[in-house]
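Here the protein sequences line up with chains A and B, keeping their order.
Its first residue numbered 1, the first sequence is counted upward by one per residue in the working numbering.
Its first residue numbered 1, the second sequence is counted upward by one per residue in the working numbering.
What the hints contain is simulated information worked out from the structure, not anything from laboratory work.
Please note: incorrect hints may appear among the correct ones.
To give an idea of the chain B side of the interface with chain A (calculated C-beta under 10 Å), a few residues [said to hold, decoys possible]:
hint, residue
1, 40
2, 42
3, 113
4, 130
5, 131
6, 136
7, 141
8, 322
9, 439
Note that CB positions come from ideal geometry on N, CA and C, so glycine has one too.
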Amino acid sequence: MQETETTTDARRQMEVCNSCRYCEGYCAVFPAMAMRRDFTAGDLTHLANLCHGCKGCYHACQYAPPHQFGVNIPATLATLRLESYAEYAWPPAMGRVFERNGTLLSLTAALGIALVLIGVMAFGDPTILYTAQTGPGAFFRVIPMWLMTSIAGAAFGFAIFAMGMGGMRYWRGTGSAGGRFSPAPVLDAGVSILTLRNLGGGGHGCNDVDDAFTSQKRWLHHAMFYGFMLCFAATTSGSIFHHVLGLRSPHSFFSLPVQLGFWGGILLCIGTAGLIRLKIITDPVPVARQALGGEYALLSLLFLVGSTGLLLLGIRHTGAMGVMLAIHLGLVFALFLALPYSKMVHGVYRSLALLRHARETRAAKAANP
Amino acid sequence: MADLDVLYDVVVVGGGNAALSAAITARRAGATVLLIEHAPRQMRGGNSRHTRNLRALHPVPTDVLTESYLEEEYWDDLLRVTGGRTDEPLARMTIRASQHAPGFLRDCGVVFQPSLSGTLSLSRTNAFFLGGGKALVNAMYRTADALGIAVLYDSEVQHIVVEDGFATEALITHRGFPARVRGKTFIASSGGFQANREWLREYWGDAADNFQIRGTPYAQGTILKDLLAQGIQQVGDPTQFHAVANDARAPMEDGGLAMRLDCVPFAIVVNRDVERFYDEGEDVWPKRYAIWGRLIAQQPDQRAYAITDSQALHNYLPSVFPPERADTIMELAGKLGIDAQKLERVVADYNASVQPGTFTPMKPDDCRTEGLTPPKSHWARRIDKPPFYGHPLRPGITFTFLGVKVNDRARVMMADGKPSANLFASGEIMAGNILGQGYLAGFGMTIGTVFGRLAGEEAARHARN
Numbered sequence: 001m002q003e004t005e006t007t008t009d010a011r012r013q014m015e016v017c018n019s020c021r022y023c024e025g026y027c028a029v030f031p032a033m034a035m036r037r038d039f040t041a042g043d044l045t046h047l048a049n050l051c052h053g054c055k056g057c058y059h060a061c062q063y064a065p066p067h068q069f070g071v072n073i074p075a076t077l078a079t080l081r082l083e084s085y086a087e088y089a090w091p092p093a094m095g096r097v098f099e100r101n102g103t104l105l106s107l108t109a110a111l112g113i114a115l116v117l118i119g120v121m122a123f124g125d126p127t128i129l130y131t132a133q134t135g136p137g138a139f140f141r142v143i144p145m146w147l148m149t150s151i152a153g154a155a156f157g158f159a160i161f162a163m164g165m166g167g168m169r170y171w172r173g174t175g176s177a178g179g180r181f182s183p184a185p186v187l188d189a190g191v192s193i194l195t196l197r198n199l200g201g202g203g204h205g206c207n208d209v210d211d212a213f214t215s216q217k218r219w220l221h222h223a224m225f226y227g228f229m230l231c232f233a234a235t236t237s238g239s240i241f242h243h244v245l246g247l248r249s250p251h252s253f254f255s256l257p258v259q260l261g262f263w264g265g266i267l268l269c270i271g272t273a274g275l276i277r278l279k280i281i282t283d284p285v286p287v288a289r290q291a292l293g294g295e296y297a298l299l300s301l302l303f304l305v306g307s308t309g310l311l312l313l314g315i316r317h318t319g320a321m322g323v324m325l326a327i328h329l330g331l332v333f334a335l336f337l338a339l340p341y342s343k344m345v346h347g348v349y350r351s352l353a354l355l356r357h358a359r360e361t362r363a364a365k366a367a368n369p
Numbered sequence: 001m002a003d004l005d006v007l008y009d010v011v012v013v014g015g016g017n018a019a020l021s022a023a024i025t026a027r028r029a030g031a032t033v034l035l036i037e038h039a040p041r042q043m044r045g046g047n048s049r050h051t052r053n054l055r056a057l058h059p060v061p062t063d064v065l066t067e068s069y070l071e072e073e074y075w076d077d078l079l080r081v082t083g084g085r086t087d088e089p090l091a092r093m094t095i096r097a098s099q100h101a102p103g104f105l106r107d108c109g110v111v112f113q114p115s116l117s118g119t120l121s122l123s124r125t126n127a128f129f130l131g132g133g134k135a136l137v138n139a140m141y142r143t144a145d146a147l148g149i150a151v152l153y154d155s156e157v158q159h160i161v162v163e164d165g166f167a168t169e170a171l172i173t174h175r176g177f178p179a180r181v182r183g184k185t186f187i188a189s190s191g192g193f194q195a196n197r198e199w200l201r202e203y204w205g206d207a208a209d210n211f212q213i214r215g216t217p218y219a220q221g222t223i224l225k226d227l228l229a230q231g232i233q234q235v236g237d238p239t240q241f242h243a244v245a246n247d248a249r250a251p252m253e254d255g256g257l258a259m260r261l262d263c264v265p266f267a268i269v270v271n272r273d274v275e276r277f278y279d280e281g282e283d284v285w286p287k288r289y290a291i292w293g294r295l296i297a298q299q300p301d302q303r304a305y306a307i308t309d310s311q312a313l314h315n316y317l318p319s320v321f322p323p324e325r326a327d328t329i330m331e332l333a334g335k336l337g338i339d340a341q342k343l344e345r346v347v348a349d350y351n352a353s354v355q356p357g358t359f360t361p362m363k364p365d366d367c368r369t370e371g372l373t374p375p376k377s378h379w380a381r382r383i384d385k386p387p388f389y390g391h392p393l394r395p396g397i398t399f400t401f402l403g404v405k406v407n408d409r410a411r412v413m414m415a416d417g418k419p420s421a422n423l424f425a426s427g428e429i430m431a432g433n434i435l436g437q438g439y440l441a442g443f444g445m446t447i448g449t450v451f452g453r454l455a456g457e458e459a460a461r462h463a464r465n
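Hey, can you work out the whole structure from these sequences and the hints?
In structure tokens:
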């Protein structure tokens, strides 16, 4: 990680925090800070990606603005996170897309829908978009199966590869890569990821809106994350139905893929809409403004993917199915394309930061029982 | 929203923990309450904003306090730090009531945490607020708001009209405009006068200009002075204050806890004239940190310099401002702006007097000097491992000891020896009754909570009758 104005400011603030340490009970950032005395840009990037943005430390801070020290850890670390997404993007030249992320994500979504619509009309009979299609294989009459899976598969495969490369660059850039693999820290990090235990200031909640403690952000993120995972499971089970069991979609409402997708879609919509609401009503001071565009765009894209999926389920036996399918798939395509160049990468870097922290914590305990 | 035309049952002057404890208790007892805070909303809470914990008696371990801490041990600790300058019945009453203070604060929304790190290990005797004092202050204002307590920010009470021991009204400035506030009872919880340099200058002269005020700049002592001028009895030595060794580069006000330096026991400390002036290793730091502010205040220019080397650097918490650093003592003296040859001689004399011993950072060890004046009794190691480090020091004042005399019902005592009928006090403005000198970590918050609750309860009862 290179030195920037943000790393300089983050270092200055961390030096205040490391002398104060009142916030040690809030989340992993402060114990991780206390293990250090000097902060390299890599250390600061690690701390930035450990930060979940619960804002507990800001509202508790005796040095928060308007104090002259102006300590604002959530906003500063969020700005640094954004810089680290750009720094570690793969291929490196793509790092620049994080500068105007909201605009680019919106354009990608529009492009995705347009491409799929044009593709349908170019490859097949355009009237299929407006006429009701029923019975097994109805969807694939609009878009051929091979086309759907090859394009989506390629986009998704690339996204996973690019995010993997980004993760490797991040891991090397933020600290020592060394040490033997051991399962215990992986387990620690896994629990932290799946329960979001760092979003909650020791269990009583975050400062989601102001200095009141609530658990809205945590539960909404859970709804979004697990909703997304259910949708993913719906797609996977759908392809097992298709390829292994020989059952063609559309499946009945109470079939496994449709049930997974239905509840997943609902959770995804609740989570993303709720998080958008929180972003709008929250105290704007402990927030990184540069990051907001990309965050709103990704949340909106996820909401649209979820809601168009639900709409598609509702109208799949009518003449509107063709257009809705094209829009839904266009949005999914856009999401896959955008994955490695959106806020979505926080999942990779946060997980790695939690893993590094779990390793450090265990090593410190072993050295100092 | 506060209505200044209303006759309030209880008017609380101040906005820290002692004021909030009083206001919340009075409101819960059914009184209508107005709380008047000098600071704007973002800087509310007085010195409570900078605190971290509260000292509480407990017969058995609790979720936030380990082992037990009983009345006799608590009293012994208080007696030792005050050297007997305390009021035993009031002190014992406070100690007993401290058992219920964490529970009361928890009912006000305050969250406690177990102590995790830091140099002062206090988890047995002190309950720590998660996030520190500002989180406590936020929670208490939130509770006050939910209970319907009227709060005025940016409003300074300048005068409480007291006639024959009876308070009738308060004159305030509210956002710059003068106003009158009427109340059936008044509770003064407006702190000491440590941020009032003019007043400090009366006792300390020009030296007062070099004192750093660690806490709120709103502790002007306006009401303290006002009440003392109206015949309310005084306690505490007006020249005395609690002060620590602060970083000389700290802001002159509101620098808070992070400006204090813990390096003294692992360093040697010289003054402007490059002379050592006190045993740096007299006792463990938690028992000595509170005397160093005064020691530095008594040096020329109120300046001192702690000199350490790379061996000692990791024995104390990192400082916010990095120390000056040099490869030779001569060069370090140049960076600190003190006489280089003299510093070399002081360090050489010290190094020559260091006796062999086994260094143990957290308890008094046998590393000491022989034949040095003043001696360094513990943690004395040769300063000879470059790079060398120099921390410039100034006195950082936490609070003043001067206060108004109160009785065991938190009523202020009039000159004729009788308690006021309807004027009460809690917090730093009356802490001198119990803490005549010295300090016990977390005891200020204990006094504030205990007397805040007492004052709130008594005021509400008086207003109802």
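Hint-by-hint comparison with the structure:
Given the 10 Å rule on beta carbons, the hint for residue 40(B) holds: about 8 Å separates it from the nearest Cβ of chain A. Hint status for residue 42(B) relative to chain A: holds, with the closest Cβ pair at about 6 Å, below 10 Å. A least Cβ separation of about 4 Å between residue 113(B) and chain A falls short of the 10 Å threshold, and the interface hint therefore holds. With its C-beta approaching chain A no nearer than about 5 Å, residue 130(B) sits inside the 10 Å limit, and its interface hint holds.
Hint on residue 131(B) holds. Least Cβ distance to chain A is approximately 3 Å, under the 10 Å limit. Because the smallest distance between the Cβ of residue 136(B) and any Cβ of chain A comes to about 9 Å, under 10 Å, the interface hint for this residue holds. Restraint check, residue 141(B) versus chain A: the minimum CB separation of about 8 Å is within 10 Å; hint holds. Nearest Cβ of chain A to the Cβ of residue 322(B): about 8 Å, under the 10 Å cut. The hint holds.
At its closest, the beta carbon of residue 439(B) sits 19 Å from a beta carbon of chain A; the interface hint therefore is violated under the 10 Å criterion.
Hint 9 from the earlier list is the only one contradicted by this structure; the remaining hints agree with it.
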